[in-house]
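Chemist: Go by the hints and put chain F onto chain Z.
There are 2 protein chains.
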Amino acid sequence: MAETDSVDAAVADPAETVFRDEDGYVSKEFVGLVETALEADDREATLELAGDLHEADLGDLIETLHPEDQANLVRLLGDAFDFAVLTELDDSVRARLLEEMPAGNVAEGISELDSDDAVYILEDLPQEDQEAILQELKQSDRLQLRRALDYPEESAGRRMQSDFVAVPPFWTVGQTIDYLRESDALPDDFYQIYVIDPGFRLMGTVALDKLLRTKRNEPVSGIMGETVHAIKATEDQEEVATTFERYNLISAAVVDDSDRLVGVLTVDDIVDVIQAEAEEDIFALAGVGGDAEISDSIVETVRGRFVWLLVNLGTAVLASMVIGLFDATIQQMVALAVLMPIVASMGGNAGTQTMTVAVRALATRDLGSFNTVRIILRETAVGLINGVLFAVLMGLIAAFWFHNEQIGGLIAAAMIINMLAAGMAGILIPLALDKLDIDPAVASSVFVTTVTDVVGFFAFLGLAAWWFVLP
Amino acid sequence: MAETDSVDAAVADPAETVFRDEDGYVSKEFVGLVETALEADDREATLELAGDLHEADLGDLIETLHPEDQANLVRLLGDAFDFAVLTELDDSVRARLLEEMPAGNVAEGISELDSDDAVYILEDLPQEDQEAILQELKQSDRLQLRRALDYPEESAGRRMQSDFVAVPPFWTVGQTIDYLRESDALPDDFYQIYVIDPGFRLMGTVALDKLLRTKRNEPVSGIMGETVHAIKATEDQEEVATTFERYNLISAAVVDDSDRLVGVLTVDDIVDVIQAEAEEDIFALAGVGGDAEISDSIVETVRGRFVWLLVNLGTAVLASMVIGLFDATIQQMVALAVLMPIVASMGGNAGTQTMTVAVRALATRDLGSFNTVRIILRETAVGLINGVLFAVLMGLIAAFWFHNEQIGGLIAAAMIINMLAAGMAGILIPLALDKLDIDPAVASSVFVTTVTDVVGFFAFLGLAAWWFVLP
Numbered sequence: 001m002a003e004t005d006s007v008d009a010a011v012a013d014p015a016e017t018v019f020r021d022e023d024g025y026v027s028k029e030f031v032g033l034v035e036t037a038l039e040a041d042d043r044e045a046t047l048e049l050a051g052d053l054h055e056a057d058l059g060d061l062i063e064t065l066h067p068e069d070q071a072n073l074v075r076l077l078g079d080a081f082d083f084a085v086l087t088e089l090d091d092s093v094r095a096r097l098l099e100e101m102p103a104g105n106v107a108e109g110i111s112e113l114d115s116d117d118a119v120y121i122l123e124d125l126p127q128e129d130q131e132a133i134l135q136e137l138k139q140s141d142r143l144q145l146r147r148a149l150d151y152p153e154e155s156a157g158r159r160m161q162s163d164f165v166a167v168p169p170f171w172t173v174g175q176t177i178d179y180l181r182e183s184d185a186l187p188d189d190f191y192q193i194y195v196i197d198p199g200f201r202l203m204g205t206v207a208l209d210k211l212l213r214t215k216r217n218e219p220v221s222g223i224m225g226e227t228v229h230a231i232k233a234t235e236d237q238e239e240v241a242t243t244f245e246r247y248n249l250i251s252a253a254v255v256d257d258s259d260r261l262v263g264v265l266t267v268d269d270i271v272d273v274i275q276a277e278a279e280e281d282i283f284a285l286a287g288v289g290g291d292a293e294i295s296d297s298i299v300e301t302v303r304g305r306f307v308w309l310l311v312n313l314g315t316a317v318l319a320s321m322v323i324g325l326f327d328a329t330i331q332q333m334v335a336l337a338v339l340m341p342i343v344a345s346m347g348g349n350a351g352t353q354t355m356t357v358a359v360r361a362l363a364t365r366d367l368g369s370f371n372t373v374r375i376i377l378r379e380t381a382v383g384l385i386n387g388v389l390f391a392v393l394m395g396l397i398a399a400f401w402f403h404n405e406q407i408g409g410l411i412a413a414a415m416i417i418n419m420l421a422a423g424m425a426g427i428l429i430p431l432a433l434d435k436l437d438i439d440p441a442v443a444s445s446v447f448v449t450t451v452t453d454v455v456g457f458f459a460f461l462g463l464a465a466w467w468f469v470l471p
Numbered sequence: 472m473a474e475t476d477s478v479d480a481a482v483a484d485p486a487e488t489v490f491r492d493e494d495g496y497v498s499k500e501f502v503g504l505v506e507t508a509l510e511a512d513d514r515e516a517t518l519e520l521a522g523d524l525h526e527a528d529l530g531d532l533i534e535t536l537h538p539e540d541q542a543n544l545v546r547l548l549g550d551a552f553d554f555a556v557l558t559e560l561d562d563s564v565r566a567r568l569l570e571e572m573p574a575g576n577v578a579e580g581i582s583e584l585d586s587d588d589a590v591y592i593l594e595d596l597p598q599e600d601q602e603a604i605l606q607e608l609k610q611s612d613r614l615q616l617r618r619a620l621d622y623p624e625e626s627a628g629r630r631m632q633s634d635f636v637a638v639p640p641f642w643t644v645g646q647t648i649d650y651l652r653e654s655d656a657l658p659d660d661f662y663q664i665y666v667i668d669p670g671f672r673l674m675g676t677v678a679l680d681k682l683l684r685t686k687r688n689e690p691v692s693g694i695m696g697e698t699v700h701a702i703k704a705t706e707d708q709e710e711v712a713t714t715f716e717r718y719n720l721i722s723a724a725v726v727d728d729s730d731r732l733v734g735v736l737t738v739d740d741i742v743d744v745i746q747a748e749a750e751e752d753i754f755a756l757a758g759v760g761g762d763a764e765i766s767d768s769i770v771e772t773v774r775g776r777f778v779w780l781l782v783n784l785g786t787a788v789l790a791s792m793v794i795g796l797f798d799a800t801i802q803q804m805v806a807l808a809v810l811m812p813i814v815a816s817m818g819g820n821a822g823t824q825t826m827t828v829a830v831r832a833l834a835t836r837d838l839g840s841f842n843t844v845r846i847i848l849r850e851t852a853v854g855l856i857n858g859v860l861f862a863v864l865m866g867l868i869a870a871f872w873f874h875n876e877q878i879g880g881l882i883a884a885a886m887i888i889n890m891l892a893a894g895m896a897g898i899l900i901p902l903a904l905d906k907l908d909i910d911p912a913v914a915s916s917v918f919v920t921t922v923t924d925v926v927g928f929f930a931f932l933g934l935a936a937w938w939f940v941l942p
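In order, the protein sequence lines correspond to chains Z and F.
Under the numbering used here, the residues of the first sequence are numbered 1 to 471, in order.
Under the numbering used here, the residues of the second sequence are numbered 472 to 942, in order.
Only true hints are included.
Here are the simulated DSSO-like pairs of lysine-lysine, each with C-alpha atoms no more than 30 Å apart in a straight line:
1. F:Lys681 - Z:Lys210
2. F:Lys499 - Z:Lys435
3. Z:Lys435 - Z:Lys232
4. Z:Lys210 - F:Lys703
5. F:Lys609 - Z:Lys210
6. F:Lys906 - F:Lys703
7. Z:Lys28 - F:Lys703
Simulated coverage check for chain F against chain Z, where a stretch passes if three residues somewhere in it have a Cβ under 8 Å from a Cβ of chain Z:
8. 492-501
9. 719-726
10. 752-760
Keep in mind that the hints were calculated from the coordinates and are not lab data.
In this text the structure is predicted, and so the values were computed from the model without any measurement.
We put the beta carbon where it would ideally sit given N, CA and C, even for glycine.
Isolated chain Z, as found in the complex:
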């Protein structure tokens, strides 16, 4: 009992333990309390600790625990477990938790969620599990979710909430407010109401503050705004995110192909998309599979990185073959082998800088035909200027290092050539890939580093062969 006692003494009063430490992580003390409660299978203590947490906090707590504790926590919370928490978890953690729950429980849990959260949880499940859960739902819910699941993956239809408030244009503000006061079938949160014609076609949008500022006898048709940014249900979430961001939207109507209102998107769903899309670019540029998560297993991680490394091996071998062409030259002057990685490395870095700016500018539509020529010229100039600056610097270093100013001149010339090539490749390759409808974030790096390696080695060793060895 000594050990338990000391734990109790150390953790003291649960009510005084902060949930997050100052860096924003779930605090060690809080996790300790939860682990103790789980180990003792103490439902009451668990509920007291985790029963009232915000879904985002409970999600973070779950991800902090060991896998077996994660399932135990959910089991002990029982009915107090809000399934909305599942939308806050990494895919692999969510999948593991769902696997252990009977379909009936899952159906009960998600029937209490907004439709967008329910779809989010269902969409990644294996077909048969999805079907088993849908069968346990009541028919109206089942139809609603099936309709959403019929939209393409990552479309607005998958992300939208299908409960919304819609009124006819001749209703007055007063009638609308009375309806809102009396109806008990309203969505949990909403920011706009929609005006529709008898065929359910969207006529306009009324922001809630507008509704509150207007006198009761005014018809809603008089205060509705034209819905300029209606989203098609089949539209890709990335396009939707661009629209939300560009026009600073909080909420937007989603319509089907006949302009009938079918759902609502809210910016908090889109924030996750914006974050995910930016992250995809970061990962793609580094050659990591776009859906990599820190909770992935070793096998998933190896798989997610293997292809990129394989492609890189190909380009590295290609660069080596260029070196192989000059083996006789190297044999005569080993200093070349010592210095050649510097030329390639500087080119690779300069190329990566240009390429990264270009890839992001393409993704955010800041780079297009209107400024292509100017940016190509700028990047070429930047490559040339940095090339000259580092040529002088490295030329001096090499000349002193090897007591040989010819080697200094050689590396300087190669550096200018390679950094100029790096600037041009860094901008032209993403632009070309974009024109060919290939995602520049995924494919640019390989081509850019191939160019800078091959040009770097070829320029340096080729110049050396011509300069020193030929005569």
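Modeler: Chain F only, in chain Z's frame:
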């Protein structure tokens, strides 16, 4: 006149010209029409084309034009130019446009904006320009803006809107709605109203949908939610973004150190921050200054990239010095010079993959003490597994290439060592930098590639020296 005619014939009817092409860029046709109108100094045509554009669209149009046309467009629009457009422009474009306007005009323009937009435009201006503009404002506006500008850069106080709706707790829903209908000093858009005590201290928040659902005679204190996520005005915008994202907030109250309500933040301002922060990480990882923009000049661009390249030159020279240690070995076997970049390059790529995942996981708080050990072990294992896979592959390639299985064995052994080192450096270096409160996105790359270069060359050439040359 022949040229003008053909332009007119090509561009046809302005009303039929789409603003954006299918890729989301401002269409060439539309830009053509605007350029024609600007060239003819035709105010009416300019107004017809650009007078009613959404601020985001007008912003994109301006960035699409040549610099001299940008200023002309703003001049021709005159009073029809909405200063909110300035918040949509790249910093350098905004600075250029503001430079050419008299302080009086700027003051008039920003006096019509929400306070957060006004601050955004003012904060980057040189001190004396800022002062000149503030002097032209009426006193109440001037005080409000000065107070916001007194908060630290990139704080919630800088980003917040200082107009909001606040009511005492004893007001009923009916009273509140009547107030909203009659007051003409309301902010343009709002999503919550706030309940405050006589000392202006925040007591709670009422979402507008809640207000609309509730009967008139209920006091607002009965329906207000506890404000769990109140933001301190001095809090950094990055922390604010984390809070908004974590708790899916649409809008949040901002309070001063005495918990008095001083402003409101809305998610659309925060979306820009989230986007900018993710972009900063992308750029930092690639060694580009965090505030790089595609509209930067050549000089700004060279400056933004120089430091990184200089640091990289240092690490490249260091790696070369390692090669230099083994020049005698290379002289005896030139194949080593041909193959050695492959070992370094594969290590660099594997290290970058691990590092990128680690940097993002640290930024999103998915990597912390709770899973550090597990992730370090995972990355080490992944490094070892990929190391063995590529060692076999490259060993075979090298053995066939040089008809020498000893070279195959040598590169295989070096590959395993370097990819293991890459996995460990890729995770340990970001973790260590984070512990030291250095931004891992900015500094990790240098250290990781130094490790993979040095270990790669040392393992490969060192093993070769010991294996082939010593005996």
